Every structure is written in structure tokens, then in C-alpha cells.
Amino acid sequence: MGMPGSSSIEGSTAVGYAPRPLQQPLISLLLEAQNPDGGWGYRVRASSAVEPSAWAMLALSTAFDRPELSQALDSGLRWLSATQLPDGSWPSFVGQCYGVWTTSVACGVCSVFLVQSPQYCEVSLVRGLDWLCRSVPGEGSWQSRIRFRLMPSNRLCAPGAYGWSWTRNTSSWVEPTAYALLALRSAPPALLPGRAQARIERAERFLFDTRCHRGGWDLGDPPSPEADRMPQAWPTAWALMALSHHAERADVQEAVAWLESQAAQNKGLATRAATELCLQAYGRANGLLPDAPLAFEPPGFPDILTASWTALAVGSARQNHSVFLEGNRA
Amino acid sequence: MKSLDTLQPAYLRPPSRTAIRRVEQYGLDLESVIYETLGEFEPPVREKTVLLKPNFVGLDSGGATNTSPALVAATREAFLRLGARSVIVAEGSALERDSTAIAESLHLWDFMARSREAFVDLNTDEVCRVALRSKSSSLRELYLPRTVLRSDFIVSMPKLKTHRWAGLTLSLKNMFGIVPGNCYGWPKNVLHWAGISRAILDLNSTIRPDFAIVDGVVGMDGDGPLHGKAKPCGVVVMGDDPVAVDATCARIAGFAPERLDYLAHAGRLLGNLREENIRQIGETVESVQTPFAPPPRRNGSQACHLA
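Here the protein sequences line up with chains X and V, keeping their order. Residues in the first sequence are numbered consecutively from 1, following this note's numbering. Residues in the second sequence are numbered consecutively from 1, following this note's numbering.
Hints listed in this document are in silico derivations from the structure and should not be mistaken for laboratory results. Do not rely on the hints blindly, as some may be mistaken.
From the structure, some residues in chain V lie toward chain X, with a derived Cβ separation under 8 Å [to be verified]: (1) R97; (2) V127; (3) A131.
Pulled a few chain V residues facing chain X out of the computed Cβ check, cut under 7 Å [stated by the list, open to error]: (4) P44; (5) T100; (6) E104; (7) T124; (8) E126; (9) V190.
The model shown is predicted, which means the values in this text are computed figures rather than measured ones. Even for Gly, the Cβ is constructed at its ideal location relative to N, Cα and C.
Bound conformation, chain X alone (with noise of 0.2 Å):
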């Protein structure tokens, strides 16, 4: 196991990852935003919902000495438990009644606390994975499968690769693909399902057969002409952290280098946490994110995700517990 950034790639470099001044900030941004249920809101203040509670807890999870911590991921672990699904999913916020994308980050943190809390993420983990690997976009659905074969199609991938989508009843989309590839690999293999091997497969298959020619990815828009694409940061970004394991392919490879040549024109903090994960990820951190701490405006700004992105770039990358975004190599 190991941070995005650590020499276990082939033919990466090792970079030094000492936290850095921005982090403390937006840890103690984080820590003054959970609310009283346990949970993140994508605001401060606002509702708690699944995904900004994932990733701020993944985020604190890579700040050291702060003695608030022990209590606030317990209490987040525990909200997170319970707003798990009867059928294993997660949704995007309590009182949505199907699960979504949400499921693939939610299981990512059970799996990063598995071994502190397992009284809240053995479990949850077992069901979120054996959820994900039941679920199927609907272009996979059998009567898609049989149109696709019977009528001419503009789609890109090859017959029977798809991933996952980011609500019931669509289409597979990179993001969320990239999430649940990131998911699988990050949980102990001995948890999951016996059909998680085939499901990852089709997956990567979705992703390097959606990959742009002109280098990384764009949403996975299916139906678009390939002189149409135009690959975008956000998503290559996280497709390649999916594929990390795969940093020897030359379109990986081609797609890194795409990234890394447009990282500096990079718009928004976000877009510029998510690249720097990844290009850590491959050994080429290049240093997007200020070093100095953030002027904290417009009001509300950074926004919890875009805080615990932050602090999960600049965060000490010798820890275990982004597993989550390098996959577990144990």
C-alpha cells in the first residue's frame, strides 16, 4: 500500500511529499465543517451528504497530531455506516432511496479505515463492493447488448466492455468507472466478490477503448465522433489513477504526458488538486498547488471537495491512507 506518489510504479520517481503549509488549513477547514450528525455537507453548514463526507474523511486521514481527529472520523465512520442502503449501495444523500456513484468513494473509505475501525467498515465494505460488482450500466443490460450487436452503433468500446455509471438505468461514464476501478483495487482482495476480477476487466477495457487520440479522456460522451472528443483534465485525471497499475501501456503513458502538458493552463483549484494527485500517482508531481495557505474567498470557498482534494495533494504522501487512490498493493 501507499500514497499516490510512491516509487511503486515501474519507472517512477519518487518525490518528496513532506506535508505542506496549505494542508493545515484546510485539515482545520475540514474539521470545523463536520457537522453534528458526523457528516460533511459539500458546504460548510450545509446537509451532510455521502461524497463530501467521503473525501473529507480520507483527507483528514492524511493529517498527523491533531488530537480532534480520533473523534471526528469515528463520529464521520459512523454516519457514513449508517446511511449504507439495505442493498449494499450508498446514495448521494440521506433520503435518496436508490445508491449511486457515491458507493464506489464510500467503499474507498471503509477500505482506508478497515483496519482502525472495522466495526464500521468490515461490513459496509463487503456489501458496498458486492453492490458495485452486481451493478451494471445500462448499455449492459442484456437487451442493450442485443441491440447493439443487431443495429449500427457509434459506440467506441468493444462488445461487452462498460463500467459503471453515475445513476441507475444509464450509461457508463469515466468518472465514475474510475471510481469503482479505484474501489476494487483498493479493498483487500480476500473481500471481494468472486466476480470483481471480470467486472474490473470490462471496466479498464471501457476506459482504454474511450480514451481520446488526442491523448487523455473526455467524459466518455458514447455517441460522439472521434474528431468531436476532446479529452479534458478532470477525467483523465482520474481514469489514470484508476490505471495506475498499468503505467507501462504507452497510451497510459500518452495520457500523462497529455495531462502533464496541459496541467499549467489547468483552470480552477479543484482541476489543479486532481491533477497533482495523479501525476503523483506517476512519479511526476510538478508542483500546481501554492504553497502558501489559501486566501479562503468568495465566502464558502474552497468548497469541502475542493478542500479535501487540497489537502490530499499536498498531504504527507508516506502514509497508507490514500490507498484508496493508488489500490492496494499488499
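Take the given structure of chain X and dock chain V to it, following the hints.
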């Protein structure tokens, strides 16, 4: 939630008014143009919360993809001058997860320097479950952002663009942006699976914009809404019936609104489509008509050009 008393057949509906203003470039005094035109409609916004819903779909280096931030800022100032208690700019981009990236690429903060907090990312807003008022698609219900549901007056502010699946994207289609990414992802694929035209109808029958202001100063034709070419058209089209505004824009761009599937359906339930039921203020359609190249035809896309 906003009440909707506009789900009524066309024969019961009074005629609509649509204003066409000639605006050749964004540098002009947009705020005066918008303020004076709004005055013609007397929108009931005093002490109300107004929500401006622009079309900030993604990063936009060419300036033809997104609603001009200059127009959004001018509209915001105009509604404040009309006595609105607050004017929020709210969008949930379909293609870009990082809303601050879009804001940076558009220099939005430069235009809204005094009020950055007025921007709300609808993709990460708190949501409520809402039953849809029509059943054209299979959706039946959607989770929708509280910021939208709590606002008193919604203004849809699209860019005048062709659209490869819908033919044209205007104020009704622009409402897709209120569907939150945190529930439905990027893009909001659930709307595509439900059928774009039908989903437009169901969404607008539930959350119908109170007003529409279309940025046609520079539009996009050809392979829109992302890969087309910038098309200077030199107009801003406004009105309190979004169907009438969209129909007027379609005619300006050389499209037959009756041949746009979603607009034809909207004309039956949501607003006025027929030319004789729309009274024009300002310029006439003919005086500003600028034929847009239609989007290339694809499986499932529409033939909707006048020609």
C-alpha cells in the same frame, strides 16, 4: 416550490410579448438595454429572490459556448435596480465538475467583483425530491436544488446555439442545468435516457422559467452546442413566455419552431409558439434574421431548418 398555472392549452392562453434588442457587442451598455427592456414587462421582483440561470456548460476558450458573463452581470444589476432583494447566479454545468474552473475561464469574478458569493453551483446544492407535473418522459420525479425551489423568480439565460440532438438549445433546454450533478452525474445522462425532448417538457412543466433572456449577440451554429462555430447575430431576445422567446429565436436563426420536437410540444402546454400569438417589441424577426447553419444530422437528431 413555484406554482405553475401555465399548463393550459394554447386556445386558453393570452398572446405573449417578446422583445428583440439589437446588441452588436458585449462592450456596450448592456445594463441599460436590459433594464429598459425589463421595464416593458414589469416583472414582479420587488423584494424577491431572483435566480439567473445562465448556460455555463464548460470551459470556453472561444467565447461561443457559454452565456456571456457580461450579459449575466448586466442582468443582475438590472434586476437589483428593479428592487429585487437578491439576485443569484446559479448553474450546474453538464460537462465540467469544477465550477470554479468555469468561473475562472469566463473571468466571472471580474464581472461580479462586488458579489462573488452570488454564484451558486447547483451541482452541489442541497436537493429536494420533486414530482414532475407532466409525464411526457419516464422520469416521474427528480431531485432538484433547493436554491432553485426557494427562488421567487427564475430567469433562463441561454446562449443561442444549435444542438446536435435537439436542433436548437434555448431557454427551455437550458433548464437541464438545474438538474444536480451530485445526484445524476456529469453529464446529466438520466435526461438523455429519458429522451431529451420529453425531459425538457417535464422539467419545464415543473420548474418553468418566469422570464427568458437569450444571448444571441454571438451565438453558435453548425455542430453545436460544443463544436460549432461562433455566429455573430447581434441580438438579445427577452420575454416572460419562454416558449415564445425560444420560438422567436428559432425564427431569427432560420429554424421552424414547429419542427423542433420539444418546442412543438411546449407550444401545446407551456407557452405560445405560433407567430400570430407573439407580439414583438423592438426589432422585428425579419430585420435581425441571421440564418444559422443547422447541426449535422445524426441518428435520432432532427431535421428542423426552414429550408
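Do the hints match the structure? See the list:
no.	hint	in the structure
1	R97	5 Å, holds
2	V127	7 Å, holds
3	A131	14 Å, violated
4	P44	29 Å, violated
5	T100	4 Å, holds
6	E104	4 Å, holds
7	T124	4 Å, holds
8	E126	5 Å, holds
9	V190	5 Å, holds
Checked against the numbered hints above, the structure violates hints 3, 4; every other hint is satisfied.
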